[in-house]
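Peer 1: Letter by letter, the chains look like this.
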Amino acid sequence: MIDIKKLEEILPSVLKPARYTGGEFGEVNKDIEQNTLRYAMCFPDVYEVGMSHMGSAILYHVVNTMDGVFAERCYCPWPDMEQAMSENDIPLYSLETKTPLSEFDMIGFNLSYEMCYTNVLAMIEMARIPLHTAERTDSMPIVIAGGGCTYNPEPLVDFIDAFVIGEGEEVLPELIALRKKHKTRQAFLDAAVRIEGVYVPSMYDVTYKDDNTIDEIVPKGDAPKTVTKRIVADFENSAFPESPIVPYLGVVHDRVTIELMRGCSRGCRFCQAGFVYRPVRERSVEKLVSQAKNSIENTGHEEVSLCSLSTGDYTDVAQLVGGLSSELTKSGVSLAVPSLRVDSFSGEYAEQLSAVRNKNLTFAPEAGTQRMRDIINKNITDEDIYEAARQAFASGVNGVKLYFMIGLPEETDEDILGIVSTVAQIRKLFYEVPKEKRKGGLRLTVSVACFVPKPHTPFQWAAQDSVETFEVKQQALRDGFRTVKGVRFNWHDAKTSILEAVFARGDRQLGAVLETAYKKGCRFDSWKELFSFSKWSEAFEENGVDTAFYAQRERELSETLPWETISSGVTKQLLADEYEQAKDMATTPDCREICTSCGLRKAGLCV
Amino acid sequence: MRIGIEFSKTGMAKYISHLDLQRAFSRAIRRSNLPVKLSQGFNPHYVVSFASALALGVASECECVEMALSEDVDTKVFLFALSNALPPGIEAKSAVRLNDKAPKLMAAMREAEYTVAFSDVDIDMINAAVCDIMGQAQITATKKSKGRIKEFDMRAMIVSLESRNDALVMRLVAAPAGSLKPDFVLDEIKKRAGEFSASVTRTKLLAHSGGKAVDLLAACSKI
Numbered sequence: 001m002i003d004i005k006k007l008e009e010i011l012p013s014v015l016k017p018a019r020y021t022g023g024e025f026g027e028v029n030k031d032i033e034q035n036t037l038r039y040a041m042c043f044p045d046v047y048e049v050g051m052s053h054m055g056s057a058i059l060y061h062v063v064n065t066m067d068g069v070f071a072e073r074c075y076c077p078w079p080d081m082e083q084a085m086s087e088n089d090i091p092l093y094s095l096e097t098k099t100p101l102s103e104f105d106m107i108g109f110n111l112s113y114e115m116c117y118t119n120v121l122a123m124i125e126m127a128r129i130p131l132h133t134a135e136r137t138d139s140m141p142i143v144i145a146g147g148g149c150t151y152n153p154e155p156l157v158d159f160i161d162a163f164v165i166g167e168g169e170e171v172l173p174e175l176i177a178l179r180k181k182h183k184t185r186q187a188f189l190d191a192a193v194r195i196e197g198v199y200v201p202s203m204y205d206v207t208y209k210d211d212n213t214i215d216e217i218v219p220k221g222d223a224p225k226t227v228t229k230r231i232v233a234d235f236e237n238s239a240f241p242e243s244p245i246v247p248y249l250g251v252v253h254d255r256v257t258i259e260l261m262r263g264c265s266r267g268c269r270f271c272q273a274g275f276v277y278r279p280v281r282e283r284s285v286e287k288l289v290s291q292a293k294n295s296i297e298n299t300g301h302e303e304v305s306l307c308s309l310s311t312g313d314y315t316d317v318a319q320l321v322g323g324l325s326s327e328l329t330k331s332g333v334s335l336a337v338p339s340l341r342v343d344s345f346s347g348e349y350a351e352q353l354s355a356v357r358n359k360n361l362t363f364a365p366e367a368g369t370q371r372m373r374d375i376i377n378k379n380i381t382d383e384d385i386y387e388a389a390r391q392a393f394a395s396g397v398n399g400v401k402l403y404f405m406i407g408l409p410e411e412t413d414e415d416i417l418g419i420v421s422t423v424a425q426i427r428k429l430f431y432e433v434p435k436e437k438r439k440g441g442l443r444l445t446v447s448v449a450c451f452v453p454k455p456h457t458p459f460q461w462a463a464q465d466s467v468e469t470f471e472v473k474q475q476a477l478r479d480g481f482r483t484v485k486g487v488r489f490n491w492h493d494a495k496t497s498i499l500e501a502v503f504a505r506g507d508r509q510l511g512a513v514l515e516t517a518y519k520k521g522c523r524f525d526s527w528k529e530l531f532s533f534s535k536w537s538e539a540f541e542e543n544g545v546d547t548a549f550y551a552q553r554e555r556e557l558s559e560t561l562p563w564e565t566i567s568s569g570v571t572k573q574l575l576a577d578e579y580e581q582a583k584d585m586a587t588t589p590d591c592r593e594i595c596t597s598c599g600l601r602k603a604g605l606c607v
Numbered sequence: 001m002r003i004g005i006e007f008s009k010t011g012m013a014k015y016i017s018h019l020d021l022q023r024a025f026s027r028a029i030r031r032s033n034l035p036v037k038l039s040q041g042f043n044p045h046y047v048v049s050f051a052s053a054l055a056l057g058v059a060s061e062c063e064c065v066e067m068a069l070s071e072d073v074d075t076k077v078f079l080f081a082l083s084n085a086l087p088p089g090i091e092a093k094s095a096v097r098l099n100d101k102a103p104k105l106m107a108a109m110r111e112a113e114y115t116v117a118f119s120d121v122d123i124d125m126i127n128a129a130v131c132d133i134m135g136q137a138q139i140t141a142t143k144k145s146k147g148r149i150k151e152f153d154m155r156a157m158i159v160s161l162e163s164r165n166d167a168l169v170m171r172l173v174a175a176p177a178g179s180l181k182p183d184f185v186l187d188e189i190k191k192r193a194g195e196f197s198a199s200v201t202r203t204k205l206l207a208h209s210g211g212k213a214v215d216l217l218a219a220c221s222k223i
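Quick mapping for you: the protein sequence lines, in order, are chains A and B. Going by the numbering used here, the residue at position 476 of the first sequence is 476; the numbering climbs one at a time, nothing skipped. Going by the numbering used here, the residue at position 196 of the second sequence is 196; the numbering climbs one at a time, nothing skipped.
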């Protein structure tokens with residue numbers, strides 16, 4: 001255990017000390033015996049963000065149901081706490097038992113977004129574990145990582161011993177059981193490569209060509225040429241935490257979350273989640289209503305939210321919302337529904353939502369013209385968008401959030417201005433509702449993100465816009481929205497988006513840049529107030545790495561991509577075909593209507 | 001029915017802010033299924049009110065909260081069900097039926113007692129500082145209120161300071177019109193006795209009755 005007296009001395013002086021105390025309702029505690037395997041679940045962001053992450057809650061539950069295994073939590077200390085811990089010689093510790101992380105058998109990071117990578121490095125060093133895998137000894141924990149970013153783990157291979165590819169409920173228990181058997185690092189890693197869905201980067205040699213692109217990736221020992229993701233086949237009955245931890249602090253998603261379905265069958269060409277989380281699997285209405293009811297009873301939360309990639313695509317969405325709202329209103333619990341696709345927003349659904357007093361709706365048209373939506377395969381029409389808005393407004397909705405992207409492949413000025421005219425039309429529809437039927441004034445928020453090409457999508461070969469181009473486009477939007485009254489316009493920082501693109505499609509040469517940026521003090525890069533582009537620029541320069549090579553370069557289809565070892569089950573051929581289709585402005589239907597032979601079925605991952 | 005609960009907030013739970021504590025109680029109530037009244041309106045919440053907010057980092061043996069119930073419940077049954085639903089570190093100690101005519105706990109509050117344990121300091125230095133503070137007619141202190149810095153006489157808000165077995169027992173004004181946080185007194189002691197570390201526990205919440213300080217819950221439960 002760390003020195004609690006020292007901890008108590010620093011806690012009164014830091015922001016939100018409850019981030020660092022643990023002891024919440026629902027926290028798991030176990031007797032620690034000689035042979036208990038101790039696993040530290042690390043989330044490389046602040047407590048309030050990590051505690052809102054559904055995947056971590058599932059894994060905490062899954063690992064803690066294993067006999068002889070105890071999983072504890074750890075989040076990234078905010079810079080004030082990092083400094084206080086360092087000054088008082090307190091190492092990074094687990095919340096449950098306040099044990100230094102270096103005493104664990106295994107520590108696992110969740111990698112949900114690229115901009116958390118410097119926090120991973122900070123947490124490893126605060127745990128007093130050598131930063132580089134090569135410098136770790138047998139007495140130290142094995143460091144693993146999982147989550148969406150592991151579909152291209154290459155920028156982190158210097159620091160992480162093994163990666164879990166795919167759904168952790170399946171792979172993590174096997175890896176933990178293996179760790180119990182093997183006490184030495186090498187024996188563990190040699191055996192780990194034989195588990196499906198485990199990628200051990202030290203077992204691959206990567207060589208480069210003169211132009212800096214990859215020449216060859218060569219596996220060593222028993223390492224497979226390709227590591228294919230693992231998935232939960234029986235999603236209906238897979239583990240779900242009905243008694244999750246109830247935080248004291250107001251966290252980002254402070255509510256019960258139930259997971260309706262995994263995967264999405266739409267095939268939007270920019271969307272990594274849409275490709276890597278295939279196939280679509282749904283839970284039944286009865287199961288979900290019972291999970292929501294039990295979770296409310298166990299936690300006492302006042303709100304339930306539905307989680308999936310596209311809630312409106314859930315087969316029985318109207319029954320589900322109906323069933324949940326009749327169950328929940330009894331106890332004064334409300335229902336929140338995010339992620340709607342405009343074409344799945346039917347009248348009946350809209351009415352039920354309004355019955356559970358939802359006055360806000362979120363739509364993501366993504367692009368401002370039909371041409372552009374065809375390129376990205378967002379299969380919705382202008383009429384779909386306007387009809388959804390009309391129905392929403394008629395049912396009493398007066399808050400609308402719209403999400404768009406700029407910098408998509410083949411984009412023209414007309415596509416940018418199309419965003420403004422789409423928003424103006426939606427605004428007009430609100431005022432077409434008779435005045436007595438409107439509830440208050442319209443609150444219209446428009447968020448415009450910068451497109452980041454992601455691995456394992458049809459746009460993985462595409463070039464990203466430069467910072468300058470993004471900023472010109474953002475200016476055009478600002479000018480355009482001046483003519484539309486009452487719109488709140490938010491845009492994403494172009495520089496952050498460039499960095500995200502570099503790490504999303506980066507290779508092993510980026511490890512040095514990451515380390516330099518971390519040493520320069522970069523932390524919490526997804527937090528505007530802490531992001532320092534100048535430190536990052538220095539880090540790239542000092543390591544002789546050009547961001548344009550990773551972000552702004554269109555790749556040849558024949559190029560060996562850094563993430564070639566990792567497979568989501570979707571073939572490279574399918575992605576290449578979709579990229580061609582995009583250039584021809586040809587759309588591809590939902591794969592639940594017509595199978596696109598993406599490769600999942602062949603890999604045994606889809607029925 | 002009105003019910004008053006006394007609870008402790010110890011260990012790491014002393015770092016839970018007042019706002020977070022309020023949320024923790026509503027969740028505990030929902031888990032317990034106790035018939036606590038829900039307010040009317042668009043965002044119904046339980047009708048729960050705390051006697052006095054506790055400063056972050058201060059432990060307590062004697063916090064009080066009152067709840068309005070939609071039906072009568074035996075106080076022992078209530079205490080048992082609520083205890084089971086509360087998070088670790090927050091422990092319900094007793095439950096009493098409050099007099100319907102008694103003022104709200106918050107309105108009846110007059111004083112709070114704090115017990116301070118010191119480390120890394122000579123207790124004689126503390127005693128000397130305490131004597132000096134009590135001998136002052138007035139001690140001006142400043143606090144921020146609505147973005148403005150306000151001066152006030154903190155000496156007038158110290159009821160008593162008393163050494164007991166190497167600990168310091170402080171009685172400070174804690175009333176609807178204003179409360180003195182223990183940190184103000186500790187800072188004054190530090191000015192005179194130098195730096196030290198201390199752990200503070202709230203040990204009594206008091207109302208006034210017949211010119212005397214009396215236990216808050218007892219005062220509000222008497223018929």
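Bear in mind the hints are in silico, worked out from the structure with no lab data behind them. Heads up, some of the hints might be wrong.
To be verified - In silico negatives: residues of chain A with every beta carbon more than 10 Å from chain B:
#1 Glu-8
#2 Ala-18
#3 Glu-24
#4 Asp-67
#5 Glu-87
#6 Ala-134
#7 Glu-242
#8 Ser-290
#9 Glu-297
#10 Asn-298
#11 Gly-300
#12 Ser-331
#13 Gln-509
Said to hold, decoys possible - If you want a taste of the chain B side facing chain A, the calculated C-beta under 7 Å gives, among others:
#14 Tyr-15
#15 Ile-16
#16 Ala-24
#17 Arg-27
#18 Arg-30
#19 Gly-41
#20 Pro-44
#21 Val-47
#22 Val-48
#23 Ala-53
#24 Pro-88
#25 Gly-89
#26 Glu-91
#27 Lys-93
Glycine is no exception: its CB is placed at the ideal position from the N, C-alpha and C atoms.
Peer 1: Each hint needs a verdict: does it hold in this structure or not?
Peer 2: Here is how each hint holds up against the structure:
1. Glu-8: 8 Å, violated
2. Ala-18: For Ala-18 of chain A, whose nearest Cβ neighbour in chain B is about 5 Å away, the distance does not exceed 10 Å, so it is violated.
3. Glu-24: About 6 Å separates Glu-24 of chain A from the closest Cβ of chain B, which leaves it inside 10 Å; violated.
4. Asp-67: The assertion about Asp-67 of chain A holds, with a minimum of 24 Å to chain B.
5. Glu-87: 15 Å, holds
6. Ala-134: At roughly 38 Å from the nearest Cβ of chain B, Ala-134 of chain A sits farther out than 10 Å, so the non-interface label holds.
7. Glu-242: 13 Å, holds
8. Ser-290: Since the minimum Cβ distance to chain B is about 17 Å, Ser-290 of chain A lies beyond 10 Å and the statement holds.
9. Glu-297: 7 Å, violated
10. Asn-298: The claim is violated: Asn-298 of chain A sits with its nearest Cβ about 7 Å from chain B, within 10 Å.
11. Gly-300: 3 Å, violated
12. Ser-331: At about 7 Å from chain B, Ser-331 of chain A fails to clear the 10 Å cut-off, so the statement is violated.
13. Gln-509: 43 Å, holds
14. Tyr-15: 4 Å, holds
15. Ile-16: Constraint on Ile-16 of chain B satisfied, holds at 5 Å.
16. Ala-24: 6 Å, holds
17. Arg-27: Constraint on Arg-27 of chain B satisfied, holds at 3 Å.
18. Arg-30: Result: holds, 4 Å to nearest chain A Cβ.
19. Gly-41: 10 Å, violated
20. Pro-44: 4 Å, holds
21. Val-47: 12 Å, violated
22. Val-48: 13 Å, violated
23. Ala-53: 15 Å, violated
24. Pro-88: This hint holds: Pro-88 of chain B lies near chain A, its Cβ roughly 5 Å from the closest one there, short of 7 Å.
25. Gly-89: Check passed: Cβ of Gly-89 of chain B comes within 5 Å of chain A, closer than 7 Å.
26. Glu-91: 13 Å, violated
27. Lys-93: 18 Å, violated
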